[in-house]
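Chains as they are written, first to last, in our numbering: chain A, 1 to 185; chain B, 186 to 303; chain C, 304 to 442.
Careful, some of the hints might be misleading.
Calculated pairs, DSBU-like style, for lysine-lysine (alpha carbon to alpha carbon, straight line, at most 30 Å) [unchecked claim]:
hint, chain 1, residue 1, chain 2, residue 2
1, A, Lys82, B, Lys218
2, B, Lys218, B, Lys298
3, A, Lys82, B, Lys298
Distance windows between CB atoms, simulated [claimed, not checked]:
hint, chain 1, residue 1, chain 2, residue 2, range
4, B, Asp300, A, Glu129, 54 to 64 Å
5, A, Gly111, B, Gln299, 50 to 60 Å
6, B, Asp300, C, Gly369, 30 to 40 Å
7, A, Gln121, C, Gly358, 52 to 62 Å
8, B, Arg283, C, Ser376, 18 to 28 Å
9, A, Met32, C, Arg311, 16 to 26 Å
10, A, Tyr151, B, Phe303, 39 to 49 Å
11, B, Ala253, A, Thr9, 20 to 30 Å
12, C, Asn405, A, Val159, 31 to 41 Å
13, C, Phe330, B, Glu301, 52 to 62 Å
14, C, Phe324, B, Gln187, 36 to 46 Å
These are calculated hints, taken from the structure and not from any lab test.
All C-beta atoms, glycine included, are put in the ideal place defined by N, C-alpha and C.
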Amino acid sequence: MIDILIDVTLLAFLAITAIAILRIHNLFAVIMLFGIFSLLSAGVFVVLDAADVAFTEASVGAGISTVLMLGTLALTRGHHEKPPAHRPWLPLVVVLVTGAALVYGTVDIPGFGDPATPAQQHVAPRYLEQGQAETGVPNIVTAVLASYRGYDTLGEVTVIFTAGIGVLLLLGRRRRDKASKDEQP
Amino acid sequence: MQFILDHYNYWIVIFLMMVGFYTVISRGNLIKKIAGLNMFQTSVFLLYISIGNVSGGTTPIIAEGFRAYSNPLPHVLILTAIVVGVATTALGLALVVRIREAYGSIEEEEIHKQDESF
Amino acid sequence: MKHDLILRVLAKLLIPVIVLFALYVQFHGDYGPGGGFQAGVIFSVAFIFYALVFGLDSAERVIPAGVLRVLASLGVLIYAGVGVITLFKGGNFLDYDVLSQNPVAGQHLGILVIELGVGITVSAVMLIIFFTFAGRGRD
Numbered sequence: 001m002i003d004i005l006i007d008v009t010l011l012a013f014l015a016i017t018a019i020a021i022l023r024i025h026n027l028f029a030v031i032m033l034f035g036i037f038s039l040l041s042a043g044v045f046v047v048l049d050a051a052d053v054a055f056t057e058a059s060v061g062a063g064i065s066t067v068l069m070l071g072t073l074a075l076t077r078g079h080h081e082k083p084p085a086h087r088p089w090l091p092l093v094v095v096l097v098t099g100a101a102l103v104y105g106t107v108d109i110p111g112f113g114d115p116a117t118p119a120q121q122h123v124a125p126r127y128l129e130q131g132q133a134e135t136g137v138p139n140i141v142t143a144v145l146a147s148y149r150g151y152d153t154l155g156e157v158t159v160i161f162t163a164g165i166g167v168l169l170l171l172g173r174r175r176r177d178k179a180s181k182d183e184q185p
Numbered sequence: 186m187q188f189i190l191d192h193y194n195y196w197i198v199i200f201l202m203m204v205g206f207y208t209v210i211s212r213g214n215l216i217k218k219i220a221g222l223n224m225f226q227t228s229v230f231l232l233y234i235s236i237g238n239v240s241g242g243t244t245p246i247i248a249e250g251f252r253a254y255s256n257p258l259p260h261v262l263i264l265t266a267i268v269v270g271v272a273t274t275a276l277g278l279a280l281v282v283r284i285r286e287a288y289g290s291i292e293e294e295e296i297h298k299q300d301e302s303f
Numbered sequence: 304m305k306h307d308l309i310l311r312v313l314a315k316l317l318i319p320v321i322v323l324f325a326l327y328v329q330f331h332g333d334y335g336p337g338g339g340f341q342a343g344v345i346f347s348v349a350f351i352f353y354a355l356v357f358g359l360d361s362a363e364r365v366i367p368a369g370v371l372r373v374l375a376s377l378g379v380l381i382y383a384g385v386g387v388i389t390l391f392k393g394g395n396f397l398d399y400d401v402l403s404q405n406p407v408a409g410q411h412l413g414i415l416v417i418e419l420g421v422g423i424t425v426s427a428v429m430l431i432i433f434f435t436f437a438g439r440g441r442d
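If we strip away everything but chain A, and leave its shape as in the complex, we get (with noise of 0.2 Å):
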């Protein structure tokens, strides 16, 4: 029950952060409470049962994506948005037309928690009857990840990668200009 209260409010904890975010035109204000919306959601992660995805949510979405935006923020100097001109409403009716179908979409989705759901029928049984006897490793997110899905984890080793060598191509050539520039004289 105390687990149910907690997902609820810290939920509506969100979704108060999303519309901060949304509404609030100073951007330092954004970054921060972008910041606090990625905790929540780490908070949200450890009460749905998944320590491994809170872990590197709290890492990552409040620690890095946060330094990187105001790195970026810094380098932007502008430190306001300019408010929209006119009230934007065909974002508005899109935006609204598409929640209401997808909220249509989940009166059909079984009910959250429920251990029956076709979800949590196919593989997932065999991973964790099977998954310490085959690998020896008693956290099974770690099992999937590195053995039975390791092929898929190597492309997305290779996607960070990419994603940094991207980064190095479109911000990392001024520095060697200024590097030669130096032994010159």
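Given the structure of chain A, go ahead and fit chains B and C onto it with the hints provided.
Leaving out everything else, chains B and C in the frame of chain A:
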């Protein structure tokens, strides 16, 4: 009441998703757009983890005395997605920095105006 | 921030603890929550903290940009290399059973090594991204 509790998580997920979507399509500031995109992304993470949750279950680390565990598969997918998400966000922010250097602004309207004047 | 005594002393106290915690998360990921992705991020946070308190230049002296680029590639190479080794040992790509006489021990070894590769790449790439963003503002 039970119906609301059963679907509360999904409704909040949809709400966050739509707020993020609205931020992306209605705001002109590029940093704010990226914040909205990240919000959208986090809502998808929440959707997956909510689906993987089993009431009465625990974290999927096998230990004595526990029988029910939440579904480890969404955890794996989302764990990697979070780290990949920050890497792609960094790429997007790098693009924002370059746009600001080229146009002197990160407001979409001003960038469009400069493009048209060429 | 360079002359803030409290921050400097705290940083010196905290950074070893952060690095130690990162190593714990990395190698204890088999038994508790954690693994290469989280450990890599925490490890890079220690260096980012150092750079924020002591300045970018001294941080780049501790871990030069060239080293970071090598490390980022090394992690992916370790990961893919394990796959190639399993191919040579007669298994499928990334099928760790063949790494040792006992399939379970092989699996455990394989998971440990590829998590290490993941950790190295993630921490190096996070640091590369941070240093490029921060270095851009310097000039």
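Verification of the hints:
1. A:Lys82 with B:Lys218: holds (13 Å)
2. B:Lys218 with B:Lys298: holds (19 Å)
3. A:Lys82 with B:Lys298: holds (15 Å)
4. B:Asp300 with A:Glu129: 54 to 64 Å: holds (58 Å)
5. A:Gly111 with B:Gln299: 50 to 60 Å: holds (52 Å)
6. B:Asp300 with C:Gly369: 30 to 40 Å: Given range 30 to 40 Å: holds, Cβ gap about 38 Å.
7. A:Gln121 with C:Gly358: 52 to 62 Å: holds (56 Å)
8. B:Arg283 with C:Ser376: 18 to 28 Å: For Ser376 of chain C against Arg283 of chain B, whose Cβ atoms are near 24 Å apart, the range 18 to 28 Å holds.
9. A:Met32 with C:Arg311: 16 to 26 Å: holds (24 Å)
10. A:Tyr151 with B:Phe303: 39 to 49 Å: holds (46 Å)
11. B:Ala253 with A:Thr9: 20 to 30 Å: At 24 Å between Cβs, range holds.
12. C:Asn405 with A:Val159: 31 to 41 Å: With a Cβ separation near 33 Å, Asn405 of chain C and Val159 of chain A satisfy 31 to 41 Å, so the hint holds.
13. C:Phe330 with B:Glu301: 52 to 62 Å: Holds, at about 57 Å.
14. C:Phe324 with B:Gln187: 36 to 46 Å: holds (42 Å)
No hint from the list above goes unmet by this structure.
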